[in-house]
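Chain A is already provided as a structure; the job is to place chain B on it using the hints.
Listed in order, the protein sequences are those of chains A and B. Residue numbers for the first sequence follow this note's numbering, so the first one is 1 and each next one is one higher. Residue numbers for the second sequence follow this note's numbering, so the first one is 1 and each next one is one higher.
Which stretches of chain B does chain A cover? Using the computed rule of at least three CB atoms under 8 Å from a CB of chain A, they are:
(1) 17-23
(2) 98-110
(3) 159-168
(4) 214-225
(5) 248-258
Reference listing, derived: stretches of chain B covered by chain A, where coverage requires no fewer than 3 residues with Cβ under 8 Å from a Cβ of chain A:
(6) 114-120
(7) 185-191
(8) 233-240
What follows is a set of in silico ranges between Cβ atoms, one per label pair, in the way DEER data are often shown:
(9) B/PHE446 / A/PHE102: 38 to 48 Å
(10) B/THR148 / A/HIS206: 34 to 44 Å
(11) B/TRP147 / A/GLY113: 32 to 42 Å
(12) B/TYR456 / A/ILE63: 54 to 64 Å
(13) A/ILE238 / B/PHE446: 51 to 61 Å
To be clear, the hints were calculated from the coordinates, so they are not data collected in a lab. Quick reminder that beta carbons are idealized off the backbone N, C-alpha and C, glycines included.
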Amino acid sequence: MSESHGGYYLPQPSYWPLVGSVGLFLALGGFAHFLVDHGSPLWMISGFVILAIMMFGWFGTVIHESGSGAYNAQVDRSFRMGMAWFIFSEVMFFAAFFGALFYMRIFAEPWLGGASNNFFTHQWLYPDYVAHWPSNGPGTVGGKFGQMPAWGLPAINTLILLSSGVTVTWAHWGLKKNNRGQLILGLFMTVALGALFVGLQAFEYHHAYTELNLKLSTGAYGSTFFMLTGFHGLHVTIGAIMLLVVLLRSVKGHFSPHHHFAFEAAAWYWHFVDVVWLGLFIFVYWLA
Amino acid sequence: MSTTMTHDAGHHEEHPTGIKRWLFTTNHKDIGTLYLWFSFTMFLIGGTFALVIRAELFEPGLQIVNPQFFNMMTTMHGLVMIFGAIMPGFVGLANWQIPLMVGAPDMALPRMNNWSFWLLPFAATMLVAPMFMGAHFMDGNGPWFGWTFYAPLSLQYNHLAYFVFAIHLLGISSIMGAINIIATILNMRAPGMTLMKMPLFVWTWLITAFLLIAVMPVLAGCVTMLLTDKYFGTSFFNAAGGGDPVLFQHVFWFFGHPEVYIMILPAFGIVSQIIPTFARKKLFGYSSMVYATASIAFLSFIVWAHHMFTVGMPVAGELFFMYATVLIAVPTGVKVFNWVATMWRGSMTFEPPMLWAISFVFLFTIGGLSGIMLAVVPADVQYQDTYFVVAHFHYVLVTGALFGIIGAVYYWLPKWTGNMYSDKLAKWHFWLSLVSVNLTFFPMHFTGLAGMPRRYADYPLEFTRFNQWSSVGAFIFGFSQLLLLILVIKCIRGGQKATSEVWEGAEGLEWTVPSPAPYHTFAIAPEVK
Numbered sequence: 001m002s003e004s005h006g007g008y009y010l011p012q013p014s015y016w017p018l019v020g021s022v023g024l025f026l027a028l029g030g031f032a033h034f035l036v037d038h039g040s041p042l043w044m045i046s047g048f049v050i051l052a053i054m055m056f057g058w059f060g061t062v063i064h065e066s067g068s069g070a071y072n073a074q075v076d077r078s079f080r081m082g083m084a085w086f087i088f089s090e091v092m093f094f095a096a097f098f099g100a101l102f103y104m105r106i107f108a109e110p111w112l113g114g115a116s117n118n119f120f121t122h123q124w125l126y127p128d129y130v131a132h133w134p135s136n137g138p139g140t141v142g143g144k145f146g147q148m149p150a151w152g153l154p155a156i157n158t159l160i161l162l163s164s165g166v167t168v169t170w171a172h173w174g175l176k177k178n179n180r181g182q183l184i185l186g187l188f189m190t191v192a193l194g195a196l197f198v199g200l201q202a203f204e205y206h207h208a209y210t211e212l213n214l215k216l217s218t219g220a221y222g223s224t225f226f227m228l229t230g231f232h233g234l235h236v237t238i239g240a241i242m243l244l245v246v247l248l249r250s251v252k253g254h255f256s257p258h259h260h261f262a263f264e265a266a267a268w269y270w271h272f273v274d275v276v277w278l279g280l281f282i283f284v285y286w287l288a
Numbered sequence: 001m002s003t004t005m006t007h008d009a010g011h012h013e014e015h016p017t018g019i020k021r022w023l024f025t026t027n028h029k030d031i032g033t034l035y036l037w038f039s040f041t042m043f044l045i046g047g048t049f050a051l052v053i054r055a056e057l058f059e060p061g062l063q064i065v066n067p068q069f070f071n072m073m074t075t076m077h078g079l080v081m082i083f084g085a086i087m088p089g090f091v092g093l094a095n096w097q098i099p100l101m102v103g104a105p106d107m108a109l110p111r112m113n114n115w116s117f118w119l120l121p122f123a124a125t126m127l128v129a130p131m132f133m134g135a136h137f138m139d140g141n142g143p144w145f146g147w148t149f150y151a152p153l154s155l156q157y158n159h160l161a162y163f164v165f166a167i168h169l170l171g172i173s174s175i176m177g178a179i180n181i182i183a184t185i186l187n188m189r190a191p192g193m194t195l196m197k198m199p200l201f202v203w204t205w206l207i208t209a210f211l212l213i214a215v216m217p218v219l220a221g222c223v224t225m226l227l228t229d230k231y232f233g234t235s236f237f238n239a240a241g242g243g244d245p246v247l248f249q250h251v252f253w254f255f256g257h258p259e260v261y262i263m264i265l266p267a268f269g270i271v272s273q274i275i276p277t278f279a280r281k282k283l284f285g286y287s288s289m290v291y292a293t294a295s296i297a298f299l300s301f302i303v304w305a306h307h308m309f310t311v312g313m314p315v316a317g318e319l320f321f322m323y324a325t326v327l328i329a330v331p332t333g334v335k336v337f338n339w340v341a342t343m344w345r346g347s348m349t350f351e352p353p354m355l356w357a358i359s360f361v362f363l364f365t366i367g368g369l370s371g372i373m374l375a376v377v378p379a380d381v382q383y384q385d386t387y388f389v390v391a392h393f394h395y396v397l398v399t400g401a402l403f404g405i406i407g408a409v410y411y412w413l414p415k416w417t418g419n420m421y422s423d424k425l426a427k428w429h430f431w432l433s434l435v436s437v438n439l440t441f442f443p444m445h446f447t448g449l450a451g452m453p454r455r456y457a458d459y460p461l462e463f464t465r466f467n468q469w470s471s472v473g474a475f476i477f478g479f480s481q482l483l484l485l486i487l488v489i490k491c492i493r494g495g496q497k498a499t500s501e502v503w504e505g506a507e508g509l510e511w512t513v514p515s516p517a518p519y520h521t522f523a524i525a526p527e528v529k
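Isolated chain A, as found in the complex:
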């Protein structure tokens, strides 16, 4: 509830949102042009460049306004709500892909093998198919493949991400105690662990493609495996970039023990990415 509307900061007109729209339009329209018409990827690249410029400009404005003390506690609450609901929307995005995975494993695979009321479908369409998981379907789309075991790299990656959750909390404690050394070291370790995670994930993908013949196009298993871990990896990368920016701002001394929403937003996002990984580890790797 509000106590001080008089102090709620209302920004001046801004051209950054429009720049963002042009950037997104070029990025996605350019990508579609590339996929559909096999056109030049330059449109897409220019779109992403404009988006990057927009983020520098827009976030730069926000940082400047925050630094000049424009935001009161009520504005801060709006930011918190915005970030929390944004993370909820991300949760629902992942839910769509987890839902696809569960549907395939619980329903689609057994049904293709003749379970439930699918006896005749099975007889006529795929009489030789025995339901199993991991599967690339009755058509063995993508050819024979090997499964990605849970207790190698993925287990190590789990440890890495969980540790990074600890280091980012340790950094937060440092910030709250006004101990900048602890803050910067904690953030540095978190970003480093994030980068290590992404690096190991890339190594795992390389292994899957070259040695296991496990590809994005390897039927249901390949589709769910790479889309889930791929989008997660993308989110780890985004989270690591956010934390890197927070690290650089910490070095510049932007944050105070009581005023550091950017840090908390990045940390929330990092924990969200962490939790998604636990779901992935259990349902994509371990119980596969």
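Just chain B now, with coordinates in the frame of chain A:
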């Protein structure tokens, strides 16, 4: 809290002029206006597509367009109306009204508010552009697979990536808009306005915004799976690879069913504002209205597969989704009962907003009842994919959602422009619309029950008479909407000056500010007792 600096406090009515005002604005009223004009433009475009459909269906046989083009019209009509007209229309109303109704100086995140709007014209361009990508004008490269874009049919569409990314842009816009609305409602209310004192339009939008944030990302996931199935070799919807085309329908309708409530809950809120004003009574059963809205929102997540009764689900699934769907009639019935009870023994007058609200209660209920018929599995086996379904969802979306938006425009237009509109023109608009909308959609119940399937450019001879009524009605309805355009333009340009209160029985914070509402309102929060 500290009263540091409010940038605009010093120079109240100042803002950039000309095109820059609209491109760069962070003002909720400007952005609301942009949303509403965008919505109306898309409404006319989508309406034109509908008239192409009705012109072709005036007679059996193929007269005007080829079947491919006809498919494109049905698809684009649905997409443009849902994502271009109805949803942005409600967001425009939210932008204008929610800060005024909760006593906030603006939306919580004004710059992001601008971005939510300014993504829309780009998204609409990307959606429509493929229609013009061909050797000839309107060659028919636009989407042609129905607005539900079922796989594997949509996977055969050669411009699919443009469609997918247009949906992504629309989704990003909706999510940001919804986040803004939630933050505004939860964080910006005037002191004393507890949650259970909020106007119902605000309540219904709070719940709608939650639905948007919950399901727009699922739609994004759905189109992303289509994109990778089409261009990157995944097998989500390919049974040979272990996927399932039915999976598409589950993911799509997990979004799609809450989506239809996204398009009706704010209209419930609007009607709950209008009826008490013109019945000069407090809304009957305020708290039950809030709980009913929340119940409908909850149920919307567990009924999606009633859109898929004939796809070959296990019987247990059919039963679950049938019973869950029929349950929705309970909270919806509570709402209709409360609206009628509010009018009961009220001092009713029939100004234009009230006419739209009352016709909403009647006609939306018809759509709701045909919905219960469709929810019953054995009956649905007969009705599915016929014009009965078309009649059902046009009763809830045209005489429901759209009538709600138009009623809201008539209700709040004097507050926006500072002028009263022409009552005579408004009544012409209402009565022409009311008669023609029923002439258009009521016969579709009969053509549907008689077995005429949806989405065909041609039909057997015996359906001719009913189709001709529908077509005549559609053209009258379509051209009647131009009266609204004329009325709004005239109202902006002048007319009898509106008072602050505008309507005799109106209650709420928005009626305490002058008409037209100043560029900045509630810089100091009002006190709500």
